[in-house]
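S.K.: Protein chains in written order, with the numbering used here: chain E, 130 to 243; chain L, 17 to 126.
Worth double-checking, as some hints may not be accurate.
Claimed, not checked - Keeping only pairs whose Cα atoms sit at most 25 Å apart, straight-line, the calculated DSS-like set for lysine-lysine is: (1) E:Lys173 with E:Lys186; (2) L:Lys61 with E:Lys186; (3) E:Lys173 with L:Lys61; (4) E:Lys173 with L:Lys118; (5) E:Lys143 with E:Lys173; (6) E:Lys138 with L:Lys95; (7) L:Lys58 with E:Lys173; (8) E:Lys138 with L:Lys58; (9) L:Lys18 with E:Lys173; (10) L:Lys118 with L:Lys58; (11) L:Lys95 with E:Lys186; (12) E:Lys186 with L:Lys118; (13) L:Lys61 with L:Lys95; (14) L:Lys18 with E:Lys138.
Stated by the list, open to error - Listed next, the stretches of chain E that the computed footprint assigns to chain L, with coverage defined by at least 3 CB atoms under 8 Å from CB atoms of chain L: (15) 170-177; (16) 235-243.
As the list claims (entries may be wrong) - Estimated spans, in silico, between C-beta atoms of each pair: (17) E:Pro137 with L:Lys18: 28 to 36 Å; (18) E:Glu188 with L:Gly74: 29 to 37 Å; (19) E:Gly182 with L:Asp73: 36 to 44 Å; (20) E:Met156 with L:Pro30: 35 to 43 Å; (21) E:Tyr224 with L:Asn28: 16 to 24 Å; (22) L:Arg82 with E:Glu188: 46 to 54 Å.
Please keep in mind that the hints were generated in silico from the structure rather than gathered at the bench.
Heads up, the beta-carbon is just placed ideally off N, CA and C, and yes, glycines get one too.
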Amino acid sequence: NAGVTQTPKFRILKIGQSMTLQCAQDMNHNYMYWYRQDPGMGLKLIYYSVGAGITDKGEVPNGYNVSRSTTEDFPLRLELAAPSQTSVYFCASSYYPLSYNEQFFGPGTRLTVL
Amino acid sequence: RKEVEQDPGPFNVPEGATVAFNCTYSNSASQSFFWYRQDCRKEPKLLMSVYSSGNEDGRFTAQLNRASQYISLLIRDSKLSDSATYLCVVNGQAGTALIFGKGTTLSVSS
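The task is simple: from the sequences and hints, build the whole structure.
M.R.: Take a look at the structure:
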């Protein structure tokens, strides 16, 4: 099993550009999450999904969109990149909902917006 | 009071030392508690869940005090490989998202 995979590993965007961060998991987990981690800060939940076709906002959803068309994939879309979105983005998945058990994280995408 | 608060450190200890990390949380309705480990420039990984009765996994011992809303992690006989950031993680209420502390950095030297 590859676990949770994310692409790209690194990206530099210009202000106003758009991009999609890809996330996939092969553990047949229903629950998937997107977090951002700013330097010296804790992870903040952006969006989460409890299954294909169902998504919901987390703590910091502004400036992002998600979709969940399959169990395996959970892409995160940035429409108009801003410097405040410079961060490390982690995708995670879990077998049980939200907070009752272990979440498995991908290796992260380091995004810089200039 | 911040939702999950940790002493950021860094804690610099020699090999073989015992080190303890503390964490406080603000929501008395929280039900799930974890310690995650994050190596430099890597993803977080679950170190251990924290149970009401306290639990131990090898050199690691986690304790929970619900009355004081306090969680601790004790590492005995520190190894160089224990150098990492340790994240205290709590859920807000049943079924809601996890809340991550900023982490406590540990550096173990020979």
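S.K.: Evaluate each hint against the coordinates.
M.R.: Consistency of the hints with the structure:
| no. | hint | result |
| --- | --- | --- |
| 1 | E:Lys173 with E:Lys186 | 11 Å, holds |
| 2 | L:Lys61 with E:Lys186 | 23 Å, holds |
| 3 | E:Lys173 with L:Lys61 | 16 Å, holds |
| 4 | E:Lys173 with L:Lys118 | 10 Å, holds |
| 5 | E:Lys143 with E:Lys173 | 23 Å, holds |
| 6 | E:Lys138 with L:Lys95 | 30 Å, violated |
| 7 | L:Lys58 with E:Lys173 | 16 Å, holds |
| 8 | E:Lys138 with L:Lys58 | 11 Å, holds |
| 9 | L:Lys18 with E:Lys173 | 14 Å, holds |
| 10 | L:Lys118 with L:Lys58 | 15 Å, holds |
| 11 | L:Lys95 with E:Lys186 | 40 Å, violated |
| 12 | E:Lys186 with L:Lys118 | 21 Å, holds |
| 13 | L:Lys61 with L:Lys95 | 18 Å, holds |
| 14 | L:Lys18 with E:Lys138 | 31 Å, violated |
| 15 | 170-177 | holds (count 6) |
| 16 | 235-243 | holds (count 3) |
| 17 | E:Pro137 with L:Lys18: 28 to 36 Å | 33 Å, holds |
| 18 | E:Glu188 with L:Gly74: 29 to 37 Å | 34 Å, holds |
| 19 | E:Gly182 with L:Asp73: 36 to 44 Å | 38 Å, holds |
| 20 | E:Met156 with L:Pro30: 35 to 43 Å | 39 Å, holds |
| 21 | E:Tyr224 with L:Asn28: 16 to 24 Å | 37 Å, violated |
| 22 | L:Arg82 with E:Glu188: 46 to 54 Å | 24 Å, violated |
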